[in-house]
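Chains as they are written, first to last, in our numbering: chain D, 19 to 315; chain Y, 19 to 315; chain U, 19 to 315; chain S, 19 to 315.
Since the hints were derived computationally from the structure, they do not count as laboratory data.
Warning: the hint list may mix true and false statements.
Copies of one chain are not kept apart here, so a pair can be met inside one copy or by any two copies together.
[Said to hold, decoys possible] Derived SDA-like pairs: lysine to any residue, alpha-carbon spacing no greater than 20 Å straight-line: (1) K201 - A190; (2) K268 - V199; (3) K58 - T234; (4) K75 - G275; (5) K268 - T222; (6) K58 - A284; (7) K75 - D278; (8) K201 - R286; (9) K75 - R56; (10) K75 - D311.
4 protein chains.
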Amino acid sequence: MDKNLQRRTVLAAMAGGTVAAATGAGPAMAAPAAAPERLKGYTLPLSARGVANLAGKPPWNYVGDAVGAEFWTRPDAAAASLPTGLDPDPANPGHGYAVFIDWQFAATSDDYLDPTFSQYSEFLLLMDASYQGTAVAWCPFIWVDNDASLARGWVQGFPKKIGQIRQTRAFAVDSLAGPIVGKSGRFGATMSAGGRRLAETTVTLDHTADRLPALTRPIVNLRHFPQLALSGQDTPPVHELTMSVLDNLKMANTWVGSGDLHFFPAPREELADLGPTRVGVGFRGSLSYTVNDLKIL
Amino acid sequence: MDKNLQRRTVLAAMAGGTVAAATGAGPAMAAPAAAPERLKGYTLPLSARGVANLAGKPPWNYVGDAVGAEFWTRPDAAAASLPTGLDPDPANPGHGYAVFIDWQFAATSDDYLDPTFSQYSEFLLLMDASYQGTAVAWCPFIWVDNDASLARGWVQGFPKKIGQIRQTRAFAVDSLAGPIVGKSGRFGATMSAGGRRLAETTVTLDHTADRLPALTRPIVNLRHFPQLALSGQDTPPVHELTMSVLDNLKMANTWVGSGDLHFFPAPREELADLGPTRVGVGFRGSLSYTVNDLKIL
Amino acid sequence: MDKNLQRRTVLAAMAGGTVAAATGAGPAMAAPAAAPERLKGYTLPLSARGVANLAGKPPWNYVGDAVGAEFWTRPDAAAASLPTGLDPDPANPGHGYAVFIDWQFAATSDDYLDPTFSQYSEFLLLMDASYQGTAVAWCPFIWVDNDASLARGWVQGFPKKIGQIRQTRAFAVDSLAGPIVGKSGRFGATMSAGGRRLAETTVTLDHTADRLPALTRPIVNLRHFPQLALSGQDTPPVHELTMSVLDNLKMANTWVGSGDLHFFPAPREELADLGPTRVGVGFRGSLSYTVNDLKIL
Amino acid sequence: MDKNLQRRTVLAAMAGGTVAAATGAGPAMAAPAAAPERLKGYTLPLSARGVANLAGKPPWNYVGDAVGAEFWTRPDAAAASLPTGLDPDPANPGHGYAVFIDWQFAATSDDYLDPTFSQYSEFLLLMDASYQGTAVAWCPFIWVDNDASLARGWVQGFPKKIGQIRQTRAFAVDSLAGPIVGKSGRFGATMSAGGRRLAETTVTLDHTADRLPALTRPIVNLRHFPQLALSGQDTPPVHELTMSVLDNLKMANTWVGSGDLHFFPAPREELADLGPTRVGVGFRGSLSYTVNDLKIL
């Protein structure tokens, strides 16, 4: 470790910087680069021209269609899913939402012309929690089908894994092949990962609503990036609660009704530990927002 | 071959049927089953309960969003893409359409609740042709991302291969991440197969239209199923021109404007042989129809 | 129907051929093309240069690694899976094999340099059956992850659907990350389709064997290609039992031991109807063969 | 920011910890968690039982087959790909390796029985560089097809993106469908991402070798995890050069010969900026190692 420190010191010196902060922080604490990094970019991979990175700097604009269901799981299971710093919300023990979203993303105005890059589908849980007495939503699990989305998510603290997520779509023409967006319209949504079905819902619309039942509380995530150096494997350099800052949140076409919801057990997954004991409203609607910042709690 | 015929005769006799038609047809000509088949289903796999087949019997209902562009390729290349029985349409040599469609399919009313089964994306060419003096559209190449769709396509004569097809989506809320469905709205679409980009378009909407420029002619396909028995490898039991019967065709939200279009060469593909020398209108719209029949020409 | 026949007659006449055979066969019976087809290829899509087809004419060469297990299902379920013309094999009611194979394919000597095209993974069942008193194997269900393989399979009568199939690999260096090919070596294999796990096995090797327990009987398939014309939807133009002709079958590195095997129910599947009531030997080995012909029974 | 700090202080106090280090570090510098985290795991997602994380703590065991080629790119392009702290290696300007590897991973002894989890394929560049006068290899770009592998890679500093990577396989039986592992044996390998082919090689074996030409130098990576809080977007909390520690590295079956190598340009990629101006040896072989530690430089 001393040797590593020494190397870092020399490296930083060579690069014309200083290592004071790094030296003080110790090897288990990451430090800002001591010298200006000549590679460009925001996330990995940094590169000569700065266009190869999975995600460039914000602002990040999102628009999508959401289908989901409100549910209650066992309160002790919900409590066990919370990180240190969050408490169960006593108002509604075990309460949360399962949401499937077909997203389109754009940082620059041309991004949405490249759908392989800009489109992705997502499934996430948002569980009621309390942060210092404030009602918040905690996302214990989330899956997406796109690596750029995964990278942005990790930076926000969303613990994204890769899965396959699909939802019924509505179209602008009548057809027996699609539901109406209206009373009695039905929408299904499914999520699989590792070749196993992990979650599914079916929602029946009943009436319009001002906004989606989910996304009514600020989302608290846990930004976390571990250390691999042997002595630091228990002291992650990044481990911090964050609160999402969603600018310019808009919703439209929101319908609420009934729904069912099922989670299925699988190795290497704990989603089914939060399986519904009761299902509340089902919903569907469109939403958009912009991410430009994050509160570190 | 005699031995095979004898076996088929015995097989049919064992099964309590007759083999008159089969005997007369000869080994290279497929015959209707001489005895009732106890397995159920429409396409492969036939099975005990008849639910495992990739596609059950029609009616098949489709609804989708299409993005595409009109184009002209070299007239000799267009002519070379036509099967025996179709001629170039002298009215507009080398003219055709490249269309990307996000489909949702349903045979039964619940199918669209299972998006993994019912949704797929498609890219196809529709080239002007003439069948006995009638203006028709010929589909030389088509890709989809779903095996059930591939099976239905083969039965119709659409020569579907598996590819990855994506198109820009529009949503019900304003966002920098999505285009407007209106003047100046831009939509991109791409198709890849075998890990190679094969086609892409970008369309800019300008004005509404009554209907999509493509899909104005009956589609003629070539149903084709080869024989593997050595003596019959040059005499396919199914090789017939067909004309699609699209019931209840509806279109909505159709916009027309300008577009670009590019095809890229790849091994095992001939799409780029039909590469655009000129691009006409670009378009986007929704459509639905039902398939219940096919004309054998 | 008369009208269709007339059209075909005219079409053939225009093309300079004759329609005698086609006329005699009737509309529900497919006919060899009356005029030489100017498009080239073996399977769809036929094309100007004949390189776009999913599968060119045989010979087709295959080499692969197989992992699988012997099993017994309920005899009535096994019997119900058989097509007309095949009977249960009274010697061993309900007996069959579940086999996972990682294949590499080549028609030409360069094909294996294009692994995206030439490699695929497969899962299939081979159930004991009797054809006119001869012991054969019947393949009720099979999945692959490659469209070219699917096309070749349909031509052979293998009722292939698209799935995701994986098996444990062994490597030429020792590692805790891989099994030995030897006594106590363990191999897992899994198959998923539609985002659902459908089958899995774990095999423990015990001793070498001369050959794989599966693939000891000729495989009988049902070539089947339906008609979509309304009047012919119940009279498929191709519906014939076939017997695979595997030239130059070689096996190596075959080990036999014990295994477990599980099938899981899913909508649109009947695999679990054939679920194991008992599991016999597990096995692993390499094999190769060439397909150049098919017997039509 | 003060408010955020205050929140973190209160949070930590509530949780029974102290925030001294965090307070001192400032909001832009990540800190070890002030209170013990009750969620378990190593990478995201942390969870109640600690089994949902993409990667658990090391040791991580790897075994695989590698195919690749030595190459030279323009020295200025190679130099531009280096992070601050690394210099070009003057001994062989522009020199590096492109390597395709089919991996199998296991942390526990049962992991390799779950091939969907444990198997993945990888493509990476390893470019000659100098770290304080020591000859090292720098990995500017790397793609894998598995999210658990991506997570482990980020922790090591490998800037992994998701791609599709395939290589020709050799099997234990003779076949026209597979190459020999021996003189004149040919192996192809390809990499695609975002539906575009990005890299391909073909290697012809000539003679055996003691070890793979690549992997002869320690690999230096850049661990990097950015901040999303607006004020910290230019000061990543983790940004450190690292040196891989590969325990128990073994190689076998190594062959060296000739090769070709091509990179293809694509939006959002800079791989082709490092395109080969000359290609050296091609190679193929098996390797295994264990990762349990990382040197922070």
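Against the structure, the hints:
1. K201 - A190: Answer is both: 16 Å inside a copy and 18 Å across each meet the 20 Å cutoff.
2. K268 - V199: both (18 Å within a copy, 18 Å between copies)
3. K58 - T234: Cα proximity of K58 and T234: none, with 37 Å in one copy and 28 Å across.
4. K75 - G275: neither (38 Å within a copy, 33 Å between copies)
5. K268 - T222: The answer is neither: 23 Å in one copy and 25 Å across copies each exceed 20 Å.
6. K58 - A284: between (40 Å within a copy, 18 Å between copies)
7. K75 - D278: neither (38 Å within a copy, 30 Å between copies)
8. K201 - R286: Classified as neither; 39 Å inside a copy, 29 Å across copies.
9. K75 - R56: within (16 Å within a copy, 32 Å between copies)
10. K75 - D311: within (10 Å within a copy, 31 Å between copies)
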